[in-house]
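Visitor: Sequence:
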Amino acid sequence: QLALATRLEFTSTSRYARSLQLNRETPDTLPRTMHIIRRATSSLLIASILTRGISGFGNRGPAASASAATAAARSFAQSSTALQSIPTGMAEKVLQAPKWPPEWPYSAEDFARQDESDDGIFYDTPRLCYHIDDAAVSALTKYYSENFKDGEDVLDICSSWVSHYPSEWKGGNVVGLGMNEVELQQNKQLDSYVVKDLNKEPELPFDDNSFDKVTCVVSVDYLNKPKEIFAEIGRVLRPGGVCMLSMSNRCFPTKAFRIWLQTSDLEHIFIAGSFFHYSGLFEPPTCEDISPNPGRSDPLFIVKAVKKSE
Numbered sequence: 088q089l090a091l092a093t094r095l096e097f098t099s100t101s102r103y104a105r106s107l108q109l110n111r112e113t114p115d116t117l118p119r120t121m122h123i124i125r126r127a128t129s130s131l132l133i134a135s136i137l138t139r140g141i142s143g144f145g146n147r148g149p150a151a152s153a154s155a156a157t158a159a160a161r162s163f164a165q166s167s168t169a170l171q172s173i174p175t176g177m178a179e180k181v182l183q184a185p186k187w188p189p190e191w192p193y194s195a196e197d198f199a200r201q202d203e204s205d206d207g208i209f210y211d212t213p214r215l216c217y218h219i220d221d222a223a224v225s226a227l228t229k230y231y232s233e234n235f236k237d238g239e240d241v242l243d244i245c246s247s248w249v250s251h252y253p254s255e256w257k258g259g260n261v262v263g264l265g266m267n268e269v270e271l272q273q274n275k276q277l278d279s280y281v282v283k284d285l286n287k288e289p290e291l292p293f294d295d296n297s298f299d300k301v302t303c304v305v306s307v308d309y310l311n312k313p314k315e316i317f318a319e320i321g322r323v324l325r326p327g328g329v330c331m332l333s334m335s336n337r338c339f340p341t342k343a344f345r346i347w348l349q350t351s352d353l354e355h356i357f358i359a360g361s362f363f364h365y366s367g368l369f370e371p372p373t374c375e376d377i378s379p380n381p382g383r384s385d386p387l388f389i390v391k392a393v394k395k396s397e
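The sequence shown lines up with residues 88 to 397 when you count with my numbering.
These are calculated hints, taken from the structure and not from any lab test.
Any given hint might turn out to be false.
[Unchecked claim] In silico lysine-lysine, BS3-like type, Cα no more than 30 Å apart, as pairs:
#	residue 1	residue 2
1	Lys-283	Lys-257
2	Lys-314	Lys-283
3	Lys-257	Lys-229
4	Lys-180	Lys-314
[Unchecked claim] Ranges of calculated distance between the beta carbons of each label pair, as one might list FRET restraints:
#	residue 1	residue 2	range
5	Thr-212	Pro-326	32 to 42 Å
6	Ser-194	Glu-233	36 to 46 Å
7	Asp-205	Glu-315	35 to 45 Å
8	Pro-371	Asp-205	28 to 38 Å
9	Ile-208	Glu-370	20 to 30 Å
10	Glu-179	Asn-380	32 to 42 Å
Please read these numbers as outputs of a predicted model, since none were measured by experiment.
By construction, the Cβ of each residue, glycine as well, lies at the ideal position given by its N, Cα and C atoms.
Required output: the full structure, derived from the provided sequences and hints.
Guide: Put into structure tokens, the structure is as follows:
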């Protein structure tokens with residue numbers, strides 16, 4: 088509703104500004120024009136936050152009490168600079184020789200969220216928009232086109248109205264699992280879908296060894312039971328199957344878990360990689376930086392791991 092009202096207000100503003108130009112209004116009308124434009128701009132910003140999330144969570148400074156995992160990630164990432172100036176290859180190095188703590192290093196507080204109300208309420212309204220910019224979307228689709236094979240069975244968790252799979256790809260059994268049925272109904276790349284809240288029930292309703300690929304697009308930071316969910320991902324993947332997490336710097340901050348908001352983009356790579364590591368079901372995770380225009384569009388990182396052979 089806010090987005091619609093904002094669109095109407097912005098349209099009205101544009102028409103008013105155009106009429107001023109056409110009618111050559113006098114300078115004493117400009118204060119009113121600028122006031123309307125400022126109102127429309129502010130409303131557009133709020134609407135954007137509600138529909139797409141907020142970007143720019145790159146460097147937030149040290150948390151008040153860093154967990155063991157945060158400290159381990161930060162020991163690597165502190166040697167880097169801000170996201171916009173990450174040197175080529177730096178993101179990939181995060182997972183090349185990671186120093187994992189010997190045991191699961193996270194506490195329940197690490198996965199607490201600002202808004203602990205029922206996620207079904209937050210996701211009840213369909214968001215038929217991209218959550219990363221067009222350049223990042225194109226980069227993700229291109230990556231999938233280079234890494235998917237025809238006939239593969241794929242599960243898209245935290246799925247939505249689009250999975251960003253290449254249009255020419257001919258999948259086998261392609262299943263989406265998400266929170267909003269209206270969005271899932273719009274996804275023409277899915278053969279079927281399941282509406283399920285993994286934060287309430289972190290079990291995947293599929294048989295063992297059902298899929299060749301599992302994808303998750305800019306959503307791992309909303310999964311507050313990652314230990315259980317990554318064990319499930321490993322269970323439903325076939326040996327040699329791959330889980331691909333795509334990650335950017337945009338999120339809904341009230342629903343992202345705490346440790347994500349307290350850490351940088353390089354640290355996010357470490358944290359996501361650790362979820363694979365501690366499941367015990369995957370080969371060592373790796374990262375690929377596929378950001379299309381570093382510093383000029385949304386960054387995009389792929390953290391992935393191959394399920395171990397049985």
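Visitor: Indicate, hint by hint, whether the structure satisfies it.
Guide: Each hint, compared with the structure:
| no. | hint | result |
| --- | --- | --- |
| 1 | Lys-283 - Lys-257 | 26 Å, holds |
| 2 | Lys-314 - Lys-283 | 18 Å, holds |
| 3 | Lys-257 - Lys-229 | 15 Å, holds |
| 4 | Lys-180 - Lys-314 | 24 Å, holds |
| 5 | Thr-212 - Pro-326: 32 to 42 Å | 40 Å, holds |
| 6 | Ser-194 - Glu-233: 36 to 46 Å | 38 Å, holds |
| 7 | Asp-205 - Glu-315: 35 to 45 Å | 19 Å, violated |
| 8 | Pro-371 - Asp-205: 28 to 38 Å | 37 Å, holds |
| 9 | Ile-208 - Glu-370: 20 to 30 Å | 38 Å, violated |
| 10 | Glu-179 - Asn-380: 32 to 42 Å | 18 Å, violated |
When the structure is compared with the earlier hints, violations turn up for hints 7, 9, 10 and for no others.
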